[in-house]
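A.B. asks: Here the structure of chain A is known, so what remains is to put chain B in place on it, guided by the hints.
Chains as they are written, first to last, in my numbering: chain A, 23 to 262; chain B, 697 to 1000.
Among these hints, one or two may not hold up.
As the list claims (entries may be wrong) - Below, a sample of chain A positions facing chain B; criterion: calculated Cβ distance under 8 angstroms:
| # | residue |
| --- | --- |
| 1 | Ser94 |
| 2 | Ala105 |
| 3 | Asp114 |
| 4 | Val119 |
| 5 | Asn123 |
Claimed, not checked - The calculated lysine to any residue pairs, modelled on SDA-like cross-linking and capped at a C-alpha distance of 25 angstroms, are:
| # | chain 1 | residue 1 | chain 2 | residue 2 |
| --- | --- | --- | --- | --- |
| 6 | B | Lys699 | A | Asp167 |
| 7 | B | Lys699 | A | Thr131 |
| 8 | B | Lys715 | A | Phe150 |
| 9 | B | Lys878 | A | Arg148 |
| 10 | B | Lys996 | A | Ser74 |
For the record, the hints were derived by calculation from the structure and aren't laboratory data. Where is the CB? At the ideal position from N, CA and C, for every residue including glycine.
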Amino acid sequence: MIEVKNLSKNFGHQKALDSISFVAHAGVVTGFLGPNGAGKTTTMKVLLGLISSDSGTAYIDGRPFGKSPNPSRTASGLLDSKAALGSRKAKDHLLAVAEANNIAKDRITYVLELVGLKNDAKRQIRTFSLGMYQRLGIAEALLGDPHNLILDEPMNGLDPEGIKWIRDLLRQLAKAGKTIFLSSHILSEVQQTVDDLVIISKGRVVKTGKLSEINQGFSSLEEAFISLTDDNSNIEYKAG
Amino acid sequence: MNKFLYVCKSEFVKLRSIKVTYACSIIALLCYWLIAAGVIILGFTSPGTVGKSNTASFFVDAGFNLVVSGAGTAVIAVVILAILLMSTEYSSGSITSTLIATPNRTMVFWAKTVIIFIYSYVLGIICSILTWLVCVPFMINVDGQNVIPYPNGLADWAMFFGNPLYMGFVAIFCYFIAVIFKTKAIPLVTYFVLFFILPSLLAVATSTAYQINQIVGKVANVCLAFAPSETFKAFIFSNEGAFVTNSNDNLLFTTKQISVDDLPANKLLSQVFSLTHISATVVTILWLALLCILALNIFKKRNI
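Okay, chain A solo, but in the shape it has when bound (with noise of 0.2 angstroms):
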């Protein structure tokens, strides 16, 4: 179970996060939707420890990543799939995520062969395809077999096949009990994939709650998103 309760954070003297709180719920899959530069994935960051918040708290199965008594079985994330070493070799890049946490071995072979990459293993990564980073990613936080994914536009560059098949694992992956909080732009994916859903805009929770709640009055999720996003045509985009 991710808990997210006043989060805030500021980079010099934009306001990324400004005391933010939702809670995604372990068995379901949570979308996380936002404008570019929503604060989406400085959220996922502070809940991974990759950057520390000014104030408040993200806690993942009750307590911060970073005092994870087992890191790689609490929780992994895709952030960005590109974020590997191209010299490396795809099931180099893995063992090093293995060993760092005990793993055993096979499993390597397992995620590889889950993600489709089994005849891959042995390649650079540099020479992958963006589909191919994004399956790779996939299967490295899937490595651990982790009780949350966080996962950054997990769908980015995979094809029609590839986003259903996503689609399936991770409505898998919740069945099994697990939290699954996801960021993504395809709405139409989103409506099909996901639970619950947290709205951000500006740093700010906008809405939260089930996926029907949301819809609501709306003909389509993207018809609710621009209107409860609406006010941020002027903001200033920035990465992230």
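C.D. replies: Chain B only, in chain A's frame:
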């Protein structure tokens, strides 16, 4: 503790899965061989000019130094690798995956330190052995004499096991700098400034500034004695000086009278100050500790 070993294993996987590791190892070996080749060529071509009447006695005199002197040059290869091992994590972004796999940054920091040190040290030992093997055919029969250098006594073993320490300590020193700056270029430039440019400047200042202003000359002299480039040399042993201190010297520093000939002008720099082996070792450890604390604190508090 078990957890730390796992993280070390992970760092070792990263080290062995990039080609630059093998390139740097080969360059280090070539450095050892080139230094040895230089001495061998010198020995065979011009024994007279170095004050030895014949080639055999030249090599007997050179002794085990021949095998281990490459450390001072080979260190550049391990420094480059130590810097790359950290900076490529940032340039490629794989630091994200490292820190998600091991959120405990202190552990990541120390695991990398340990792996870089062990790699550099073991590389130094292996290079020494391979250099010895390559030297043997040349020295088996010099003027009818077998002059193969065998380690002979404590001083030679100190060189064999000690000189690679120099590589290890300089490598982690530069790794700390790489942790602070994240990039490739700045740590490399810092290394060259600290270990090549600064000591030359201070050495020049020690002798020439003295003519203009004695205080400047003395300050330059003391700065040079405490500069990392000089103190780290405490780990480069030679079979003359190791563990032997001149009875006239203080335990902490030595002063050497310089004759008029050594200086361009008639003014005499009365004494040149330098640290002894023991105090240089202590100062080196202080340099490492200082940089380590700085790097670890920056690494722990950094956003990614």
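A.B. asks: Under the constraints set out in the numbered hints, which ones does this structure not fulfil?
C.D. replies: none
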